[in-house]
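Number of protein chains: 2
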Amino acid sequence: MAEKSLPVSAQPRIVIVGGGFGGIELAKRLKNKDVQVLMLDRHNYHTFQPLLYQVATGGLEADSIAFPLRKIFKGYKNFTFRVAEVQKVIPERKILETSIGDIKYDYLVLATGSDTNFFGQKEVEHYSMAMKTIPEALNLRSMILQNMEEALIEQDAHIKDSLMNFVVVGGGPTGVELSGALAELKMHVLPNDYPELDINNMDIYLIEGSPDLLGSMSATASRKAKDFLEEMGVTVLTNVRVLGYDGKQISLSSGQSIPSKNVLWSAGVKGSIIDGISPDMLVRGGRIRVDEFNKIPSLDCIYALGDVAAMVSDEYPNGHPGVAPAAIQQGKTLAKNLLKIINNQQPEPFKYNDKGSMATVGRNKAVVDIGKIRFQGVFAWFVWMFVHLMSLVGFRNKVVTFVNWVWSYFSFDRGTRLIIRRFSRESMTEDPLAK
Amino acid sequence: MAEKSLPVSAQPRIVIVGGGFGGIELAKRLKNKDVQVLMLDRHNYHTFQPLLYQVATGGLEADSIAFPLRKIFKGYKNFTFRVAEVQKVIPERKILETSIGDIKYDYLVLATGSDTNFFGQKEVEHYSMAMKTIPEALNLRSMILQNMEEALIEQDAHIKDSLMNFVVVGGGPTGVELSGALAELKMHVLPNDYPELDINNMDIYLIEGSPDLLGSMSATASRKAKDFLEEMGVTVLTNVRVLGYDGKQISLSSGQSIPSKNVLWSAGVKGSIIDGISPDMLVRGGRIRVDEFNKIPSLDCIYALGDVAAMVSDEYPNGHPGVAPAAIQQGKTLAKNLLKIINNQQPEPFKYNDKGSMATVGRNKAVVDIGKIRFQGVFAWFVWMFVHLMSLVGFRNKVVTFVNWVWSYFSFDRGTRLIIRRFSRESMTEDPLAK
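From first to last, the protein sequence lines stand for chains A and B. Numbered per my numbering, the first sequence spans residues 1 to 435. Numbered per my numbering, the second sequence spans residues 1 to 435.
No lab work stands behind these hints, which were simulated from the structure alone. If you're wondering where the values come from, they're calculated on a predicted model, not measured in any experiment. Among the clues, some could well be false.
It does not matter which identical chain is meant; a pair holds if it fits inside one copy or across any two.
[Claimed, not checked] Here are the simulated lysine to aspartate or glutamate pairs, EDC-like style, with alpha carbons at most 20 Å apart:
id: 1; residue 1: Lys270; residue 2: Asp246
id: 2; residue 1: Lys77; residue 2: Asp280
id: 3; residue 1: Lys336; residue 2: Asp34
id: 4; residue 1: Lys186; residue 2: Asp161
id: 5; residue 1: Lys74; residue 2: Asp413
id: 6; residue 1: Lys104; residue 2: Glu154
id: 7; residue 1: Lys104; residue 2: Asp280
id: 8; residue 1: Lys270; residue 2: Glu125
id: 9; residue 1: Lys340; residue 2: Asp106
id: 10; residue 1: Lys74; residue 2: Glu149
id: 11; residue 1: Lys31; residue 2: Glu196
id: 12; residue 1: Lys74; residue 2: Asp198
id: 13; residue 1: Lys248; residue 2: Glu123
id: 14; residue 1: Lys4; residue 2: Asp156
id: 15; residue 1: Lys4; residue 2: Asp106
id: 16; residue 1: Lys77; residue 2: Glu149
id: 17; residue 1: Lys71; residue 2: Glu196
id: 18; residue 1: Lys340; residue 2: Asp354
id: 19; residue 1: Lys332; residue 2: Glu348
id: 20; residue 1: Lys355; residue 2: Asp106
id: 21; residue 1: Lys4; residue 2: Glu150
id: 22; residue 1: Lys71; residue 2: Glu149
id: 23; residue 1: Lys160; residue 2: Asp115
id: 24; residue 1: Lys4; residue 2: Asp198
id: 25; residue 1: Lys94; residue 2: Asp314
id: 26; residue 1: Lys71; residue 2: Asp413
Please model the entire structure based on the sequences and the hints provided.
Here you go:
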């Protein structure tokens, strides 16, 4: 079905699975070259993942951080896009099995990104909320607000507590940003919306298994992020792991047990792997081991880049960090290399240019590491906003986000605390295209 | 459960069911008066219904036309809000049965608005799309885009046709605005996104049972709206009724049969009635007959206003038109009257001030009737935009909508053609709180 609908061409066909930062950059660099490019994604839009937490906490509208993939590639003569879920690769036949039928490739690039990693804790996976896609962020927003509504009418003090307590698991950038945003909701928004609730009963915890928050950043950034969060009223627990969560009570390795119906899981990611990629091709974190040309060593003509790939080296024993710049740089080099390979030229090895890292905690509070330069606070916060605004795809999205941020800055408010679709665990779908 | 959580007060309790234009105005006018006000709504937000069609066609983000109800009433000392689905009224006990438990009232105001009326055509109801709520508008947006994606890979020409054909049923303002917006998608947006599709195969029909579009407006407005739509490529069929629709083919009283998987139903509304209001209290269109004080004659202390109410008079034999100004004016008068009634004073009869009506067809194309003054075209279009922008609740929503409109005007584009959640008939919920 799918194959018949695709353009017939004598050019070699490069199939890119995934329209994230890496996949987009790769396709852009192949614009109108002598190859046929086919991109597959389960969504018809690119998701700007770094701002998902703002959607979940009512700061931004979902559509502001999504951008139609077709529009990015408008006017490309050698580009085709299809909404499809890729189920399996059959390397020996050079075929992908997908939800829209079988698709042939000459070169395949897996740019599928990462999924939430619950490290095998099934119960935690069932009851906690992850946040890797826009529908998940919207579910989280609905759940937070629904639990506030329920707390209003709840008479049992213990249950009321559990409806108002938030536990964020994982002290990486996402966990830090989420718990900071929740603290701001507590300070500025919820007391206005729910004057009948005693907001002091709302406790926010951030749980991190290692000794430091923001483990991938400098010691200064880690310490400062912790200080910022504690100033904002977040209880930060480091060196603490989650032992279990039954939907009501979360038990921790410290012996503590917290009643909470709001457990947000940002403790880990793993590569998003399709069938046909065997477990022995993976490294720690479920990423696919690739060589310095982003090629999967044991497979012909199959490449991987970005979060799903681990280009292991002495400097990066677990592969490059799972951030947008790494994916974008790999996409850029891989485009050049694929053209060289097709023309029987020698590809060039990838070289990562670390542009630094940053995280925001809240209003006027962010931490930035750029090489040896470290700074925190107001200026860091403006840098964070500028970089994120500029990285958003599309002029409309930039303007709408900017308007929302300016408005929030002066009003101390969040515009979109709406339960557009009610969240219920029962309604969570198994359809991968709907995730 | 609910009752225990409500404030205890010696003041009489006025319960308002519905946070639409009428309910909001009523509650605002009762601000800090010597009554207790409780508003119930199934959503935690107010929906600006006149712009739903722009959400459905990718022009506006959903959150831009929704406004958190709690925020409107921030700082009111005598106001409480609860998210609840009201199931039944028991007038003899002055109790409402709701999804959060029983709630007592002293005075009850039904401001529940209207639902889509399929006039008993069950099959049409099952297969066509209505658009009265934000989730419905988002479903419609997803369905339109999903059908385009399917058309791309469909090999059967007849099925491909049915995926690309649109039939809008009902030539009132919603139908006119929807078919105009679809025509603009066809002209400016879809050819860029789907260069592989022959856009000339996309036919848009507007079906109206009576001789004229916009039946409630002037003959000039009706004629001009039809001209505008035909200029834009819409096939307008008047004096034609729908005989049946099986999800693939829609059959018309003209003998014609159109293959279409996109049937949008805007042919009628009926009052949104709760149990306990008996059928003999209703007039044509399923609205509740009320007297000139918005009271339901046969029930003590129960009032209705806005779309759900029909204040029948010689001038308005079917009640006032189902538009925002009528609901707002009734809310204003009813607030005064309830305070008078509580203080044993004589209430004043409601008097409707008709402010005119308008509809937009597309870019630079709208029709406006204000009393004897009629105008159409560019100026009408700017008037339409100004009035709608100013009527949006909240500064943030005004600004974001304005930015989107300016951007669309200059770019000829629609920003949000995203399938955030896939639509499937199977996933449509029976939970009234989720609608």
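*Any hints this thing doesn't respect? Which numbers, in order?*
Hint check: 1, 2, 7, 18, 20, 23 and 25 fail, others pass.
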